[in-house]
Every structure is written in structure tokens, then in C-alpha cells.
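Chain by chain, the residues:
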Amino acid sequence: MQITKAPSVRLATLACAVSLSTAALAETVTIGTVNNGDMIRMQALSSAFEAAHPDIDLEWVILEENVLRQRLTTDIAANSGQFDVMTIGMYETPIWGENGWLEPMNNLPSSYDVNDIFPSVRGGLSYDDTLYALPFYAESSMTYYRKDLFAAAGLTMPAEPTWDQMREFAVALHDPSKEQYGICLRGKAGWGENMALVTTMVNAFGGSWFDMDWNAQLDSPAWHEAINFYVDILGNYGPPGASSNGFNENLALFNTGKCAMWIDATVAGSFVTDASQSQVADQVGFAAAPKQKTSKGSGWLWAWALAIPVSSDAKDAAREFVTWATSKEYSELVADEYGIAAIPPGTRASTYENQAYLDAAEFASMTLSQMQKANPNDQTLNPSPYTGVQFVAIPGFSGFGTVVGQQVSGALAGNTSVDQALRNANQVVNREMRRAGYQN
Amino acid sequence: MSQINTNASVAKILVAPSVILLALWMIVPLAMTIYFSTLNFNLMIPGGRDFIGFENFYWFLTDPSFITGIINTLVLVGAVLIITVGLGTLIAVLVDNPFPGRGLVRVLLISPFFIMPTVNALIWKNLLMHPVSGLFAWLFRQVGLEPIDWFTDLPMTSIVIIVSWQWLPFAILILMTALQSMDQEQLEAARMDGAGPISTFWHITLPHLARPLVVVIMIETIFLLSVFAEIFTTTSGGPGTQTTNLAYLIYTQALLQFDVGMASAGGLIAVVLANVVAVFLIRAVGKSLAEQ
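Chains as they are written, first to last, in our numbering: chain E, 397 to 836; chain B, 385 to 676.
Note that these hints are calculated values from the structure, not bench results.
Below are the BS3-like pairs computed for lysine-lysine, each with C-alpha atoms no more than 30 Å apart in a straight line:
hint : chain 1 : residue 1 : chain 2 : residue 2
1    : B       : K509      : E       : K574
2    : B       : K509      : E       : K654
3    : E       : K543      : E       : K689
4    : E       : K543      : E       : K654
5    : E       : K543      : E       : K692
6    : E       : K769      : E       : K724
Throw the hints in and build the complete structure from the sequences for me.
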């Protein structure tokens, strides 16, 4: 027995040693990301990273936003370690950082030039002054409009329009018989879908989610005014089926020339001006996101960022990738391959100091000014206890934000009255806050 | 005698592993669900997981969407049952008489049942009911009418249509098979006594179909209580909560709000409701069988 067993044991040890050494040779980094244009581009360009790092294999999981959030949240909460790099936003990062779920992003190489990243973006991705994710791109919101239609109707878009003016323009330009709709806005329910736009509207109308004692303010006059306005402008002067349109649906409508105006993320600037995907590429004008009573919080602030969960088993390799994908070097690679206007916007000051970029990307200066205006800590007319412009940075928000989004889309579709929807919404939010222990 | 006893105990031992496995298979998830339903357990909020007794049930039952969810579930089940049973009986009787091409018609009638619910929903959503590019919108425009925006203006009706289309073949299949066993002599006698097609149907066919109809209703109810894919793919429970049924409500709690505790409580409430419905149905089946 002894004699026959010995070689097999030795063989097994050898096999172990071999497999260990190959594991050390090539580490697999699993990246979970959103199916947005810029991220698809990152996957295409990652062969350059793999060529420079033969010891790292990249594995991609690309999903639609809501599905990705479900996968990532269940993965990280259960500590199952499926992902080494996670694409998360300004909402999740501070909360997950506080939970101790993410690797802190300190000791970055000096060539990375972390101070080049806008302070508001860095702040939004930090908890307790520690950076927990590196921004891939960042955005505010702005108004896109059709210069040709405005000129034909003798209208002029001001640089900083009000919602009242937007309504006048929408009425004048709405012509459903030509499949031309006055305004396109998000209507699909969800805290990251319609509520992003609706919250900036409420901010502009002088409202907020909570007062300083965390009482829900959704039944307040400002909310009523804002939601009535939203239902009127989008319901009467928007495209049919607006209550199921999100960012991608509206982008498609605008690019096919069906929207006279559209208010959405600044990151769409490079898509609507790209002649290969937009039929109206040379007719797009840019203005600030509309204000009303105040311009505070009228444009949102968001960043998609790459983070490393503590459950990852390839942290060093993941860190290599994350710093590469958010570096200046990556931006240069995109510029070489796809043109300089396509580089990930909104994260670095140096991008907006680059004259070649400003010349190629007409939307850049509006993006910059909107990004600089957005302040997550001072976003509402009256003081509010939370941070976040178009979201409330507390763990329960993704839950009640979605429920409120459903109520608002129900009001938009005409299934419930605005009064009823806001009463329900207010009740839900107060309920959840009481459950979570914010109120007594 | 002792031989039989030994055999019985041997049989018990031999059967034990599969019985234990099946019991575990059922009990472990149920026990986990009951355990989770008593915790304050939200994936977004780590630590905690305090025991809170029946609080999750209280919050789930007082959720503003809960009553809507129950009503929507019942409306959906009821409407689909009426459509599938009514139309199913009619079609089954119509295709029972021989006519050229009957085999082909029967295959076509049954085929929707073999389409996956998600695919079914996508076809209806994008090819048929789409307000701009759908077939219905095109037909409406051909006759000069404004196309209906189905999922915005008539969300529940749309879901009922989609689910009915999926389940109609099941009713047809069962009823068609049942009609094959009709007593032909009895029918002939009725005809000779001068009974018209309507009174034949009412007095002979329908009583004959009573038992299969109850089976159809029971099986459909069990499946329709948990309709999810059709709602998820088309309306996502909206607009508002117009098409949120109990199954979708639990999904919202678990995977959109990450509230494991409340979703478990909701799951248990749904189990109880399904059992209540099942008990009533089984009683009804038993009664109709006893009457036969």
C-alpha cells in the first residue's frame, strides 16, 4: 500500500503546486458593469489592458442597470465574492463604504493625479473623507433642444430657462401629426429613472424630500405644484407612452428627431452630437436644466464609479484595472480610437482645460458649468437633513424612492390623481422612515 | 405475519432516505422563510438583523399596495378564468365536429401554450400592442382611429389578454379531450327527440363537461395566482400599482427594496392565501364529483 500510495501523493502535491503557480500567473478579475455606451467601449478597449498585464484575465458581466444593482447588492450583502470590480454610483458608494463593504481607494500612484478629479465627484464617492470608488464618468443634467425647430418657430432658448418657459416652448413646438413632440422627459418608474428628474424639478419648485426632522414633505405645496406641472407638460406635450420611457428610450426618440426638447444627463451630449447615431447631430443646442423658484438642485449630480468589494479574492489585480480604466491614460486611448469628444466626461478638471476637447465637444462647457453648480450638500431652497441632489443618501431610499416613482408614473398615466398619488407617496415615505428609526 | 412485519420495516428503511430528503427539501426553505420573516433584515442595512416578531407582517399587511395587490390578483385570476373557460368551452365544442383541416386547426389552437411566458409577453408588447410600431396601432390607423396606448391606458386589460391567450389552449385541450368521451347514442337520442344544438349543449354537453371544467379552473387558479413574467416584462407592475399582483409585490420587496424580512412575510401570506383558495377549490371539486 505504502509503495503504491506514495507516488500518487507526490503527484497530487505536484498538481496542487502547478495549479497554484498558474493561479499566480493569471488572476481572473470579474467586472460587473452597466450596459451604457461608455462601459461597452471600456470592454472593447480592455484588450489594451490585458496586453499590458498578461498576468490578469478580465471577465465581464454586463447587465441592464436595475438587474446589475440586484446582482451587486445581493452579492456584496451576502459576501459571496463573485465580483472583483463593481460599477456603482454616488448613491451606493458612501453607504457601502460606511458598511465596510468596499476597499478604500488610498495610496493611488502620483501619476493617477487624484486631485485632478472634481472635488464634488470625489466627495460624492467618499465616506468619512476616504475615497471608496474611482469615477469612470460623472454627469449633471441639462436641456437639449433642436436649434432648427426653435429657429423655424421664431423662439430663443435662454441659457438658463425656467420651467414656465419650457412649457411655452413645448406648447409651441408640439405637433403630434408630424410625430414631433414638445418635450421628452423620463417617465419610467424607479428611483434612478423618473425620480431623478422629478426630484430636480421639485428642488427647482422649492421643495425637498424631508424637513429637518425627517418628516416626509411629499404632500407639501411645492411637490403638488411640481408634480402637477410635470404631469401636465409631459402628459400633454410629450410622446405617447411617456410613462414607460427612461434614459435610453428618450435618447432614441431625440436622436430620431421626435423631441423638440429633452432634459436628461449631460453624458448624452456625445451621443446626440454623434452623426453616426443621431439624425439631428448638427441641430442640437444646449442649455442649463430648468430652474423655477430657485436654481438650487435643478441639475443633478451623479457618477458611475468602479469599486472593489472587500470580498474580492483578486484585490491587487482589480486595483490595477480600476486605476487604469479611470486614468488619464485611458481617456487618451479613447480619444485615439473613437475621437476626443468621446472620452468619459465629467470627472477630471484637466479634460476641461484641454482646448482640443472643448473645440471638439460643443456640449463640454455646459456640462462643466452644470457640474460645478450641483452641490449635494446645499440642494434645496429650505434646509434639508440629507445629502444628494436627485436622491436621498440613506439606505432606505432605493426602496421608497421606487415606490414614489410608481405613484408618480401612475399619476402621469392618468390612473390616479396627483393628489392621491402624493398622499400615498407621503404615507409610504413616513412609514419607511418610522420603520428605519428616523422618526419616533 | 412476522414476515410481513419484517418486509414492512425493510420497506420503511428503504423508503426513508427519499422521504427524509423530500421533507428537508420542503421544510428547510419554509423554515428559513419563517425565520427571515421575523427579522429586521434589509440587505442595504448590514449588521442589525434584530428579531422583531410579527412586525414585518404588520408592515406588509398595512402596505398601501397590499390591498391593491390582492384586488389585482383576484381580478387577474377571475378575468382570465372567465375568458379561458368561456371561450375554451365554445371553441372546444366548435372544433369537436369533423371539418376539413380539423387536425391543423387543433394544433394551431394548442400551440400558444408552448410559448414561454416571457416570450409571449415580449411578442404582445413589441409586435402587437406597441402604440407606435405595433400591429394593433397599424390596424387602428388604417381605419382612421387613434391607436390605443395599451400598457398606459388599459394596463390590466392588456395583462388579462396576454395571460388569457397563454392559458386558453390549456382549457381547449382538456375540454376537447373530454368531449371525445361523450356518449354518441345519447346525443343521437336527443336529436331524434327534436333537441336543437343549444338545448343539447345546455342539457347534455355542459353536464358532461362539469368535471373537466372544475379541473381546468383549479389548475389554472393555482398557476394564475403566481403570474409574474408577463407583468415583469410588460408593465413592471405599473403604471402606478395598476398591475401589481401579490407575486410582483413580493418581488418588489425582495429585489427592488432588498427587504428580505418583509418579502419573507409577504411570501408566507401568499402561501396562506393560496392554501385558502386551494381548500375552497378542492371542496368544490369534491362536491361536483360526489354529485356525479
